[in-house]
Amino acid sequence: MKKKFKLEDLDCANCAAKMEEAIKKIAGVNDATVSFLAQKMTIDAQDDQFDEIMKEVVRVCAKVEPDCRILM
Amino acid sequence: MSKKQKKMLARIVITFVIFVGLLICEHGGLMERIGHGWIIFLIYLLPYLIIGYDIIYKAARNISHGQVFDENFLMMIATFGAFGVKEYSEAVAVMLFYQVGELFQGYAVGKSRQSISDMMDICPEYANIEADGKLMQVDPDEVEIGSIIVVKPGERIPLDGVVVEGESFIDTAALTGESVPRKAVAGDEIISGCVNGSGTLKVKTTKEFDDSTVAKILELVENASSKKAKVENFITKFAKYYTPVVTVGAAMLAVLPPLILGGDWGDWLQRACIFLVISCPCALVISVPLGFFGGIGAASRIGVLIKGSNYLEAVAEMTTIVFDKTGTLTKGEFKVQEIFPNGCTSEELLELAALGEGYSNHPIAGSIREAYGKEPDLSRVGKAEEIAGYGIFVPIDGKEVLLGNEKLMERQGIPCQTVESGGTIVYAACGNQYMGAISIADSVKEGAKEAIQSMKQVGVKKCVMLTGDRQQAAEAAAKEIGIDEVCAQLLPGDKVAKVEELLKAQKEKEKLAFVGDGINDAPVLTRADIGIAMGSMGSDAAIEAADVVLMDDDVRKIAAVVRISRKTLKIVKQNIVFALGVKALVLLLGAFGAANMWEAVFADVGVSVIAILNAMRALKAK
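Chains as they are written, first to last, in the numbering used here: chain A, 2 to 73; chain B, 1120 to 1741.
One chain only, chain A, in its complex shape:
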């Protein structure tokens, strides 16, 4: 399943790249893109674990860029 999320206060392009990399490493994530320009995140992950994966996504993103909020 593919889902898009808006991001708020994503201030640096380098952080976006780091977030993308961190999200891709989560188990169950097939693909992820974090677009600094569009302030959007697309996550393609396994359906049955999507909610848990999203929790993990929020956690790793907070670690990389605590100011950035994922609007769900």
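Check each hint, because a few of them may be wrong.
As the list claims (entries may be wrong) - No farther apart than 16 Å at their CA atoms in a straight line, the calculated lysine to aspartate or glutamate pairs in the EDC-like style are these: (1) K3/A - D1329/B; (2) K1356/B - E22/A; (3) K1321/B - D1307/B; (4) K1326/B - D1260/B; (5) K1630/B - D1648/B; (6) K1581/B - E1565/B; (7) K3/A - D68/A; (8) K1356/B - D12/A; (9) K1177/B - E22/A; (10) K1123/B - D68/A; (11) K1122/B - D12/A; (12) K1230/B - D10/A; (13) K1125/B - D10/A; (14) K1347/B - D32/A; (15) K1359/B - E21/A; (16) K1581/B - E1629/B; (17) K1123/B - D10/A.
Said to hold, decoys possible - Pair ranges (Cβ atoms, derived): (18) L72/A - W1384/B: 47 to 55 Å; (19) R60/A - W1384/B: 23 to 31 Å; (20) V1367/B - G29/A: 30 to 38 Å.
Stated by the list, open to error - Chain A is nowhere near these chain B residues, computed Cβ spacing over 12 Å in every case: (21) K1123; (22) T1355; (23) T1464; (24) K1493; (25) P1514; (26) L1704.
What the hints contain is simulated information worked out from the structure, not anything from laboratory work. Please read all numbers here as calculations on a predicted model, not as lab measurements. Note that CB positions come from ideal geometry on N, CA and C, so glycine has one too.
Position chain B against the provided structure of chain A, taking the given hints into account.
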């Protein structure tokens, strides 16, 4: 400016005022009278904290999360270093300059993002549905196929459909770049994303929102940034190594020279700090994708969708362009071009042909009937018999009439004059008497010739045309348009083979584009380096398979896209050279002690801001 940015601006102004005051005191010798080092330290610490508290807070927080090498940390170390060597004013100045740069950078990125998303703002928010005589606003997602929606003047059309009532002019500029509004009356198909003019329209929807034009376009544009150009991938990789390498360099610079050469630790520490400030690759990481984004935006402004920056990059290297003839260079509408009567008048010949083709639904027959202009009296026509590969045999007014190609005349032993003309020729005979011939051709699209000329101007070396038509007809069209090479009488499968052949003949770094209207050519579109499809005429499959979509089918725009892509790449390259150049220079100067902190901050945020402003030019490319 956002609230956050306003707050930042206030902090900058306050710090700046204090800082200038302190500088005046310093020059006036006031500081020396105070004397004690730590008091001066405390005096400078105040503006430093005002301007930089958030940096220090973020640095500490990120370290606790295991994110060591971020900008905040680097700025903190660099300014702490300045405090360490008692360059108090420099520490404050550097932090101030950094924050000004960051603010400006954030503002510039926000602005450019805004202008791009404004351009992409084609998404309808609601649809009006009439229920019990009242209008209700609903989510376009919820409207079912076949529903009647009302589009009021000035509203965006939410779903694709057919006009059932009303009359208006429709502004399609957001989708096609076409500035002249298009008229829409009952029976016309209209596409979502366009803006309705001054009339109210009732529209019967033909697609669900997810399948409608606007949703498809938005999806394409949003996915465009995930298909990265080679340059972008290079920058991403480069950024990964750049920061650690520079940071290690800084550490070595701080420790090794004083240990080996002896000397002042403070001096080397300062040089190391300069390294740290320059170690963020932000200028590149932001400006390169922004440049491509701008280029894609500029193309979409003229009604051309590019599905990824990799394709934008490829278009710049395009040297061969292959066209499918019908529907791309020609209109796909057959018209009677010339009439060559033999022993009768043109009208008589045309009437004969129109009667003979009266029952046929072949496009050629249609064009003859259209040229005849009247409704043929079919009671005069008997039962037609088709002779496959030759033509038809039909009794008219009791006489045997033959309509077909030259071979048909030969077969029946009727002497005829061969007509040298492009297009398809229909020969006619009545009662074994040759009556003449009618030439029918597909008319060349407006601007096709111009398109080829302008493509040559932008450096496309070879223009090839593929068609299933007769050699002669194809050559006539090619000559009129100015095509270099023609491959005629191709079956659909041959097109792929031909394109593969041309692809093999390409040198490295040369790209081949295929332009098609999408009918039967999805495989060719995928096979070519760049597949260009017609948006309004093309099939959905073609648009899906294509890399570039011309929304209004205007082939002239291809040359403009080449120009946009070249300009975008030029800007991206300028930014890379400029940013790396300045950084390398300041690193070098810094290592030898010839650069100060100011130059370092310039090499970081200053370069970023300049690169962003430069990248924004891509959006204005034409």
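| task | Output the numbers, in ascending order, of every earlier hint that fails for this structure. | result | Numbers 6, 7, 8, 9, 19, 21, 22 - these are the hints that the structure violates, sorted from lowest upward.
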